[in-house]
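Chemist: Here the protein sequences line up with chains A and B, keeping their order.
Residue 150 in the numbering used here sits at position 150 of the first sequence; the count goes up by one each step and never skips.
Residue 31 in the numbering used here sits at position 31 of the second sequence; the count goes up by one each step and never skips.
Some hints could be false.
If you want a taste of the chain A side facing chain B, the calculated C-beta under 8 Å gives, among others [said to hold, decoys possible]:
| id | residue |
| --- | --- |
| 1 | ALA34 |
| 2 | TYR41 |
| 3 | TRP49 |
| 4 | ASN52 |
| 5 | ILE56 |
| 6 | LEU57 |
| 7 | LEU65 |
| 8 | ALA68 |
| 9 | TRP74 |
| 10 | ALA78 |
| 11 | LEU81 |
These are computed hints drawn from the structure, not numbers from a lab.
The model shown is predicted, which means the values in this text are computed figures rather than measured ones.
Idealized CB from N, CA, C, for every residue including glycine.
The primary structure of each chain is shown beneath.
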Amino acid sequence: MMRMVSSQWLSLLFRLALGGIFLYAGVVKSQDPAGFAQAIYNYRILPGWAINPMAILLPWVEMVLGAALVLGIWIPGASLLASGLLGIFALALCINLARGLDIDCGCFSTASSGAGSTTWYFLRDILLMAMAIQVFFFDRQWVPLVGFLARRRN
Amino acid sequence: MRTWEGKDASLSIGARFSKALIQAAGLLFIGIALGVLFRGIRGPDIPWSGGWSEKEVVARHLEGLEEISLQEAWESHQAGKALFLDARDPGSFQAGHLPGALSVPPPDAEGFSEEIRGLAQAGMIPIAYCDGVDCPLSAELARRLQEMGVEGVRVLVNGWSRWRDSGYPVEDGGS
Numbered sequence: 001m002m003r004m005v006s007s008q009w010l011s012l013l014f015r016l017a018l019g020g021i022f023l024y025a026g027v028v029k030s031q032d033p034a035g036f037a038q039a040i041y042n043y044r045i046l047p048g049w050a051i052n053p054m055a056i057l058l059p060w061v062e063m064v065l066g067a068a069l070v071l072g073i074w075i076p077g078a079s080l081l082a083s084g085l086l087g088i089f090a091l092a093l094c095i096n097l098a099r100g101l102d103i104d105c106g107c108f109s110t111a112s113s114g115a116g117s118t119t120w121y122f123l124r125d126i127l128l129m130a131m132a133i134q135v136f137f138f139d140r141q142w143v144p145l146v147g148f149l150a151r152r153r154n
Numbered sequence: 001m002r003t004w005e006g007k008d009a010s011l012s013i014g015a016r017f018s019k020a021l022i023q024a025a026g027l028l029f030i031g032i033a034l035g036v037l038f039r040g041i042r043g044p045d046i047p048w049s050g051g052w053s054e055k056e057v058v059a060r061h062l063e064g065l066e067e068i069s070l071q072e073a074w075e076s077h078q079a080g081k082a083l084f085l086d087a088r089d090p091g092s093f094q095a096g097h098l099p100g101a102l103s104v105p106p107p108d109a110e111g112f113s114e115e116i117r118g119l120a121q122a123g124m125i126p127i128a129y130c131d132g133v134d135c136p137l138s139a140e141l142a143r144r145l146q147e148m149g150v151e152g153v154r155v156l157v158n159g160w161s162r163w164r165d166s167g168y169p170v171e172d173g174g175s
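Given these sequences and hints, build the entire structure.
Modeler: Quick look at the structure:
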């Protein structure tokens, strides 16, 4: 079991999948900062002054992070940052799950539908975070740009 | 357990972690710098700050819609002319709603549009409400109904809380 968890193939798969997800998420969000700002607002966690800077800059951090993971550049840092971001998202979801806020519309609701989707987002987030942590500990820089260039230099 | 091959393998866990932290900070910085740069090149979509005070959010929701005051809503109700439309989720509606209200979450607007249009033409005032000052659901419902040709829909901002807190009668159950 441990061998499977620490498998470098699994790391490679996770790293590429995470990188692709972050790249995609970043590109989509960077196209619509106003929509993303509304989504951040709906979480009702950040103060008003922080919403727009977050909506403008976070997609770029995600794109850089995604590119680093896919290309194999600074993998320890990229996977650590990915775990950190996913951890923060999970915390935000958890807070809203606890206070019964439907983050799809930013409204407090007693319906299970809102809580249902928040629970699903939370579980998905935790799964991605587990993948990032696995990459952090077990990735051996397979198919990396930096590793490849370093090997060529040697 | 061998991890982090190459020169990193000789590092202690603490040193590896510090290295990863520096890299993470670097990536964060590059991302932020690119974001600022790209915004400078493409021009701003949204300003760096502003737009999220309660007043601004409510004004944005109500754009192109007509608000109704609590007093006017109460008077319409007393005159038997108020047609309250509860835009919240059905669970919240079940727990309590304004008198005679219909439960119409925005996605269900189409199914109710005929009925509401008929009642509006007969002199009733459709009043959409939800809960919370910046709850977007009532405005969303009003906008959808407007698009479906229902005229005179008004929005009672923060309707549920304000109505209940004013001591006006409420109902529970029903659908």
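Chemist: Taking the hints in turn, state whether each one holds.
Modeler: Against the structure, the hints:
With a least beta-carbon distance of about 5 Å to chain B, the hint placing ALA34 of chain A at the interface is held under the 8 Å criterion. Residue-level restraint check for TYR41 of chain A holds (minimum Cβ-Cβ distance to chain B is 6 Å; threshold 8 Å). Restraint check, TRP49 of chain A versus chain B: the minimum CB separation of about 5 Å is within 8 Å; hint holds. Below 8 Å, beta-carbon pairs count as interface contacts, and ASN52 of chain A has one with chain B at about 5 Å; its hint therefore holds.
Interface restraint check for ILE56 of chain A: the shortest CB-CB distance to chain B comes to about 6 Å, inside 8 Å, so the restraint holds. Hint on LEU57 of chain A holds. Least Cβ distance to chain B is approximately 4 Å, under the 8 Å limit. Hint status for LEU65 of chain A relative to chain B: holds, with the closest Cβ pair at about 6 Å, below 8 Å. Contact between ALA68 of chain A and chain B, as hinted, is supported at the beta carbon level, the nearest pair being about 6 Å apart and thus within 8 Å.
Hint on TRP74 of chain A holds. Least Cβ distance to chain B is approximately 4 Å, under the 8 Å limit. Given the 8 Å rule on beta carbons, the hint for ALA78 of chain A holds: about 6 Å separates it from the nearest Cβ of chain B. Annotation: interface hint on LEU81 of chain A holds; nearest CB of chain B at approximately 4 Å, less than 8 Å.
This entry satisfies every hint, going by the numbered hints stated previously.
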